[in-house]
Amino acid sequence: MTTEEFQQQAEALRLQLIGIAQKYLGATDEAEDIVQDAMIKLWLMRDQLMAPVSGFASVVTRNLCIDHLRKQHTTVDISKFPDTEEWSDDGEQIEQMLQVIDTLPSAQRTILRMHHLQGMKTSEIALLLGSSEVSVRQKLSRARRMIRKRLLAIFAAASLLIGVSMMAVYFTRLSTSDDYVIYVYGKKYTDQQTVMAEMKRTMGEMTEENTQGEIEQQLNDLFSN
Amino acid sequence: MIITACFSMLMSVEAQSGLHIAPLFEGKIIPQQRMVETRVKGKMLSKYQLTLFRSVRFNANTKQEIAHIHDLIELDKKQNQVHPYSENYSSKKSRSKETLMLQLPKTDKHNRFLCYKRNNDEITVIYMEGTLSSLDTLRELIK
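Protein sequence lines correspond, in order, to chains L and Y.
This note's numbering applies: residue 494 is where the first sequence begins, and numbers increase by one.
This note's numbering applies: residue 810 is where the second sequence begins, and numbers increase by one.
Some clues are possibly wrong.
Stretch by stretch, here's where chain Y covers chain L in the computed footprint (C-beta under 8 angstroms, at least three residues) [to be verified]:
id : region
1  : 591-605
2  : 676-683
Below, simulated DSS-like cross-link-like pairs (lysine-lysine); rule was C-alpha separation at most 25 angstroms, straight line [said to hold, decoys possible]:
id : chain 1 : residue 1 : chain 2 : residue 2
3  : Y       : LYS872    : Y       : LYS837
4  : Y       : LYS886    : Y       : LYS902
5  : Y       : LYS837    : L       : LYS680
6  : Y       : LYS918    : Y       : LYS887
7  : Y       : LYS902    : Y       : LYS887
8  : Y       : LYS837    : Y       : LYS918
9  : L       : LYS534    : L       : LYS516
10 : Y       : LYS915    : Y       : LYS887
11 : Y       : LYS852    : Y       : LYS918
12 : Y       : LYS856    : L       : LYS693
13 : Y       : LYS852    : L       : LYS681
14 : Y       : LYS886    : Y       : LYS837
15 : Y       : LYS915    : L       : LYS693
16 : L       : LYS693    : Y       : LYS852
17 : Y       : LYS837    : L       : LYS681
18 : Y       : LYS901    : Y       : LYS887
Because the hints were derived from the structure by calculation, they are not lab data.
Each residue gets a CB set at the ideal place from its N, CA and C atoms; glycine is no exception.
With the rest of the complex left out, here is chain Y (with noise of 0.2 angstroms):
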C-alpha cells in the first residue's frame, strides 16, 4: 500500500511544479478547450539537449488574464533570483509585445528554462528542463 501511494505520488509530481506559473501548465488559469499545450519527453528531445519540453498557447480574452499571468511569471522571476537571457520586458505593467527567458535554479542536475510570450492577445509559456546549457545554444540549435 505505501509502494502503491509513493508511485502514485511520484507519478503526479511534474517537474514544474513549484513554480508559480505552474498552474497555467495543469489548467488551472486557462481552461484546456481554449489553449494549445504541448508535451514532449525522453529521446526525441536530445536534438535539443533537452529532456522535457512543456508549452502553453493561447489568447486572452481579457486584461485580467494577461495581468495575472505577467503577474505569476513576475513572482517565479523574483523569487528564483534568476538570471533573464532577454529582457524585452516590464516588471511594472504587462507590454503588448513582450518576451521574458529565464534560467531558474537546477534541480536534479538539470538545468532548467522558463520562457513568457506576449503578442497583444497571443500568451505562450514554456518550461524546459535539461542539459542544454544556454537559450544562446537553443537559439543555435532550432537554426
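Just chain L, with the same shape it has in the complex (with noise of 0.2 angstroms):
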C-alpha cells in the first residue's frame, strides 16, 4: 500500500478502530490512543499492506485492547514537569536521546521520530494517522516531557556515581598512598630522600636528650631572670 493510498483510508480507518476499542475500553482516553497505536503499527508496515486493512486493523487493534487491559500499569504524573525548553543540537545529548526516545511507549516514539527526525510537520503527521493535529501535539509534548525527565535521572545518576567515585578514590588515597613534600624558605622539594632526611632529623632533634650544655644554659635562664 502507497503512503497515499494511507493517507486516503486512514480517516475512516480510524473511526472503525475507535468503535472497536471503545467495545474495551469504553469511551476513554485510552482508546484513543490505543487507536494513535494501532494506526501508528499500521504506518509503519504499510509497505507490507494490501487493501482491504480494515480485517488486519481490526486485530491488532482487538490485540492492543487486551495488552493494554493485561498491564493497567499505574502512570506518572508528567503534567507537573515544565515543557519550555527545545532539544539541544549537541551530539552527545542526541544520541542519549535517541537511546531514551527507544524506552518510550511506541505512539510517542514514532511520532517524535516523524517529527524529528524524518522532518514532519505536526499536520502531516495527523494527517497520516488519521489523528487531529492537536493530539499529535500533545503526544510530542509528552514525549519531550518524558524525555527530559529520564535524562535528568540519567544525569543525577551519572553525577552520583562520579561523586561516589571521586570520594572513595579519594579516601583509598588518603590510606594508603604517599605523599611527602618539604618546604625550605619556601623552596618545594618533592624527592623522598630530602624530605625523609628532613624529618629524621627533625625528630632525632626533638627526642634526643638534655646534653649538659642545654641544662646548663637552662639554669643560667632561671638565674638570670
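Quick one: dock chain against chain with the hints and give me the complex.
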C-alpha cells in the first residue's frame, strides 16, 4: 500500500478502530491512544499491507486493547514537569536522547521520530495517523517531557556515581598512598630522600636527651630572670 | 554540586586543625619563606608507626614571635588536658632552650602527638599521628 492510499483510508479506518477500542475500554482517552498506536503500527508496515486493511487493522486494535487491559500499569503524572525548553543540537545529548526515545511508548516514539528525525510537520503526521493535529502535538509534548525527565534521572545518577567514585578514590588514596613534600624557605622539594632526611633530623632533634650544655643554659636562664 | 562541596571540604581539612598552633603549619604566623616545612603521609611512615608527620622549623626574628608560639603551645597543652611526655619547659615564660612533647587526645582511632622545641631563636614544632603508642617508642624506633 502506498503512502497516498494509506492517507486516503486513514480517517475512515480510524473511526472504525475507535468503535472497536471503545468496546474494550469504553469512551476513554485510552481508547483513543490505542487507536493511535494501531494506526502507527499500520503506518510503519504500510509497505507490506494490501487493501482492504480493515480486517487486519481490527485484529491489531483488539490485540492492543487486550494488552493494555493486561498491563494496566500505573503512570507518572508528567504534567507537573515544565515544557518550555527545546531540544539541544549537541551530538552527545542527541545520542542519549535517541536511547531514551527507545524506551518510550510506541506511539510517542513513532511520532517523535516522524517529527524530529524525518522532519514531518505535525499536520502531516495527523493526516497520516488519521488523528487531529492537537492530539499529535499533545503526544509530542508528553514525549519530550518524558525524555527530559528520564535524561535528568540519568544525569543525576551519573553525577552521583562520579561523586561517590571520587570520594572512594580520595579515601583510598588518603589511606594508602605516599605523600611527601618539604618547603625550604618557600622552595618546594619532593624527592623522597631530602624529605625523609629532614624528617629524621627533626624527629631526632626533638627526641634526643638534653645535653649538659642545655641544662646549664636553662640554669643560666633561671638565675638571670 | 553538594558532593563537590563535600569533597573540597574534606580535601581542605587537616588533621591538626582544631589546635591553637594549627595556623603555624598553614604559614599564617610565620611566612613560608622563613620556614622549613615538612609534610609526610602514607606508607613511608609505617616504620615509625605513624600515618602523618608535619613539622615546621624557623628562626624567630623577635621575642614577640617566640612568645606567641609559646602561648599557642601552652593553650593547646591546657585545652587538651594532655599528658606531657617531656617537660623541660616552663608554662609561664619561654626558656632559651626548652622542649615539650605532648600526647593529645585520640581522633579517629589515631594517637596524636605535638612536640615543641626551642633552641635560642630556632623553633621547631612537630605534629604526628598514627598507631604509635608513645613517644618513648618513637625514640626507640629512631635509634
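Each hint tested on the structure:
no.	hint	result
1	591-605	violated (count 0)
2	676-683	holds (count 4)
3	LYS872(Y) with LYS837(Y)	holds (18 angstroms)
4	LYS886(Y) with LYS902(Y)	holds (14 angstroms)
5	LYS837(Y) with LYS680(L)	holds (17 angstroms)
6	LYS918(Y) with LYS887(Y)	holds (22 angstroms)
7	LYS902(Y) with LYS887(Y)	holds (15 angstroms)
8	LYS837(Y) with LYS918(Y)	violated (29 angstroms)
9	LYS534(L) with LYS516(L)	holds (20 angstroms)
10	LYS915(Y) with LYS887(Y)	holds (16 angstroms)
11	LYS852(Y) with LYS918(Y)	holds (17 angstroms)
12	LYS856(Y) with LYS693(L)	holds (12 angstroms)
13	LYS852(Y) with LYS681(L)	holds (21 angstroms)
14	LYS886(Y) with LYS837(Y)	holds (20 angstroms)
15	LYS915(Y) with LYS693(L)	holds (24 angstroms)
16	LYS693(L) with LYS852(Y)	holds (15 angstroms)
17	LYS837(Y) with LYS681(L)	holds (18 angstroms)
18	LYS901(Y) with LYS887(Y)	holds (12 angstroms)
In summary, the structure is inconsistent with hints 1 and 8 from the numbered list given earlier, while agreeing with the others.
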